[in-house]
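All chains should be built: construct the whole structure from the sequences, respecting the hints.
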Amino acid sequence: MIEFKGLIKKFGNRTVLNGLDLIIREGEIVFILGTSGTGKSVLLKNIVGLMRPDEGEIWIDGEEVSRFSEDQYFSIRKKCGMVFQQPALFDSLTVFENIAFGLRRHFRLSEREVTDRVQLALKLVNIQGVEQKRPTQMSYGMQKRVSLARTIALQPKILLFDEPTTGLDPITTTVINHLIQDLSKQLKSTSIVVSHDMNCALSIADRIVVLDKGQIEAIGTPDELKKSQHPLVRDFLAEVLSL
Amino acid sequence: MKFLAEIFGELGGTLLFLKTIMTTLVNKKIRRSDVFTQIWSVIIASFPTTAMAGFFVGAIMTVQFALLMNEFGALGYLGGLSTSATVREIGPLLIAFMLSGKVGAFTSAELGTMRVTEQIDAIRCLGSDPLQEIIVPRFIGIVIASFFLLGFGLIMSIFGGMILGDIFAGVNFQEYLRHIPTVVNPVSILFGTVKCGSFAVVTATVSTYKGFTTTGGAKGVGKAVVSTSVMTMILIVLMDWFTSFIGDIVLQIARGYRS
Ligand SMILES: Nc1ncnc2c1ncn2[C@@H]1O[C@H](COP(=O)(O)OP(=O)(O)OP(=O)(O)O)[C@@H](O)[C@H]1O
Ligand SMILES: [Mg+2]
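Chains as they are written, first to last, in my numbering: chain X, 1 to 243; chain F, 244 to 502.
Just so you know, these hints were derived from the structure itself, not from any lab. Each hint should be verified, as a subset may be incorrect.
DSS-like cross-link-like pairs, simulated, lysine-lysine; straight-line CA separation at most 25 Å [stated by the list, open to error]:
1) X:LYS10 <-> F:LYS271
2) F:LYS466 <-> X:LYS10
3) X:LYS78 <-> X:LYS226
4) X:LYS10 <-> F:LYS462
So this is what it looks like as structure tokens:
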């Protein structure tokens, strides 16, 4: 379970998150929507301690983590896998070494097990035979999928996806969306997905959160949001509902 | 006033970063293979540049000294004097400039790119410490490699001086080399070595600091590279003065003991 209490994050005199309260239950898939620059990525980065809130608390499985030291965050980061908005692959390493990177540091595995888990992760994101390639030799879409594989290879209990399907073709997008759903069923993982894909949000989310100006504008199940009269929600839904 | 505050802020940030590097170096395990890879890649990348720089520094110094000494008919001491000046002062300084332009810029651009493409955040998420994983190996790599490169550059400068001494002033190789041991004493060599070391530390600290703290996309990387060059140049000159100053004091004390 993840709980945010009165989360405030400022950059200089700009307030990005402005007193955010939210509870995410175990095993839930929560989609976060919001226009560009409302602080979706900042919210995710606060969970894994890449950024620290200025005020407020973040509770993960009964621990208040926002004042943890970098070393204490180690176990939190093992539990919470983050997929970045950019592929963020290490240019100097091969695809195999990229995916093995986290496995080697978070777990004590034999070389055989590392290979198996790398292969499994690549299979899950629907690419194969690229282990020895360098990230710079691959297309953006491929890089994003490798990046996804790098995180799910760790089989974390909590998955944070920052726009996992933005910039991907429709077929891969479907594959990834099913993957998110399967992971939450098989691993019983909790997922927070930042996305602009309204269709997908409506079909696989347990709950949808609409962020605006650092606060929650609307929250509810897909069905509840479809009925909502909130202007921002209607704007987001317009494209889907008109179909 | 604001400008001054900014400069001191930068300096403070750099020193704090050096401290963090040192604590990481002491407390965490650094993979030796990472360090050797870094040393090797820095040496490979900058070998030709330093060799050239060294050669021409030596050559230029010799030409300058030859012009002066010809008037006093003291050309016999040409090799000794110009080598001494090069080893103690000009050699380390100019070669360090070259090196900082090359290695410093490359390092800050590389780290800056890793920062703005979230690779450094990814390292943290994947259970590692970026300082331990990428910064410290680069830092040690640059310091050790720079040290070697500067030393090698100085040898090249003697070589450059020899050749130019022969062509320009008609001092043959034996004669050029004959008085080097008389004028260049262990103290000069120690001075040169200390300077090389301190310049190497400056280049390594500034470039890793600037790269690691880059913000603001591709433009930010550009800015980081520019400020790395400017800052290393300024700090190298300051360090040059500082080491000479300290060196002088040490020499005074040593002389005091002897007499
Ligand atoms: N490191 C930082 N320093 C200063 N400002 C930042 C930093 N990171 C984010 N911001 C600011 O915080 C705001 C929210 O950024 P964030 O990346 O979370 O947006 P987002 O909701 O993820 O948008 P997008 O959909 O475009 O990814 C932006 O206005 C951005 O300028
Ligand atoms: Mg974002």
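Structure-based check of each hint:
Taking the CA atoms of LYS10 (chain X) and LYS271 (chain F), the gap is near 32 Å; set against the 25 Å cutoff, the hint is violated. Under the criterion of a C-alpha separation no larger than 25 Å, the hint pairing LYS466 (chain F) with LYS10 (chain X) is consistent with the structure, at around 24 Å. Using a Cα cut-off of 25 Å, the hinted pair LYS78 (chain X) and LYS226 (chain X) is violated, with the two alpha carbons roughly 36 Å apart. For the proposed pair LYS10 (chain X) and LYS462 (chain F), the alpha carbon gap of about 23 Å is at most 25 Å, so the pair holds.
Consistency with the previously given hints fails for numbers 1 and 3, ordered from lowest to highest.
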